[in-house]
Amino acid sequence: MNKKRNFLYLFAGLFLALFLTAASPTGINNSGQHCYALIAPIEEGGNGSSRVIKAECFDNFGDSIYAATNGRVQLNSSIQPEAVTDEILNFYSGGVSPSSQVVIGIDWDNTNFGGSSYTWVVSGSGCSSSTQSSVSPMNNLR
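Under mature numbering (1 follows the signal peptide of the UniProt record, and there is no 0), residues -22 to -1, 1 to 120 are what the sequence shown spells out, in order.
No wet-lab data here; the hints were simulated from the structure.
Cβ atoms here follow ideal geometry from the backbone N, Cα and C, with glycine treated the same way.
Take the hints with a grain of salt, since some may be wrong.
To be verified - What follows is a list of derived Cβ distance ranges for each label pair:
id	residue 1	residue 2	range
1	Glu65	Asn25	30 to 36 Å
2	Thr63	Asp37	20 to 26 Å
3	Arg29	Glu60	26 to 32 Å
4	Ile20	Ser56	21 to 27 Å
5	Asn54	Gly93	19 to 25 Å
6	Ile66	Arg29	23 to 29 Å
7	Gly102	Ala33	16 to 22 Å
8	Gln11	Ile82	18 to 24 Å
9	Ser78	Ser56	24 to 30 Å
Could you build all of it, start to finish, from the sequences and the hints given here?
Structural data, given as structure tokens:
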């Protein structure tokens, strides 16, 4: 009887350890799927949402930013998402022709730049008084 009870305790302990390991966070807020979408502006005076021209997803944030900016911005693998600024996203070294895609916003699934991200880009110079874009919440797009 003791062997059977010991086996049950061992089995329960292994199950608990497996459950706790699977439920523990990864430690980095940059986990999840990272996507970008190139969107069309809304016609002046128009209502509704912008049309998605192209969308693509990646396993890491840096790759999605690289694709979203047509290779103009290559993030260091050690940079944390919260450290990415407008200056980094808009940097142009002059050695390569500037990207025609401009980042206008980044949405995150979780607070503090956690979980999956969705980067919104437009062609041209971004938003202006005559050019605007509008998108649905990112959870509706996946």
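Do the hints match the structure? See the list:
For the hinted restraint 30 to 36 Å between Glu65 and Asn25, the CB-CB distance of approximately 33 Å keeps it satisfied. Roughly 23 Å separates the CB atoms of Thr63 and Asp37, a value that falls within the hinted 20 to 26 Å. Checked against the hint of 26 to 32 Å, the C-beta distance between Arg29 and Glu60 comes to roughly 30 Å, which is consistent with it. The hinted range of 21 to 27 Å is not satisfied by Ile20 and Ser56, whose Cβ atoms lie roughly 38 Å apart.
For Asn54 and Gly93, the Cβ-Cβ distance of about 21 Å falls inside the hinted range of 19 to 25 Å, so the restraint holds. Distance hint check: the CB atoms of Ile66 and Arg29 are about 28 Å apart, consistent with the given range 23 to 29 Å. For the pair Gly102 and Ala33, the beta carbons lie near 18 Å from each other, so the given range of 16 to 22 Å is met. The given range of 18 to 24 Å is respected by Gln11 and Ile82, whose C-beta atoms sit roughly 20 Å from each other.
Here the CB-CB span from Ser78 to Ser56 is close to 29 Å, well matched to the stated 24 to 30 Å.
The structure does not agree with numbered hint 4 stated previously, though it agrees with all others.
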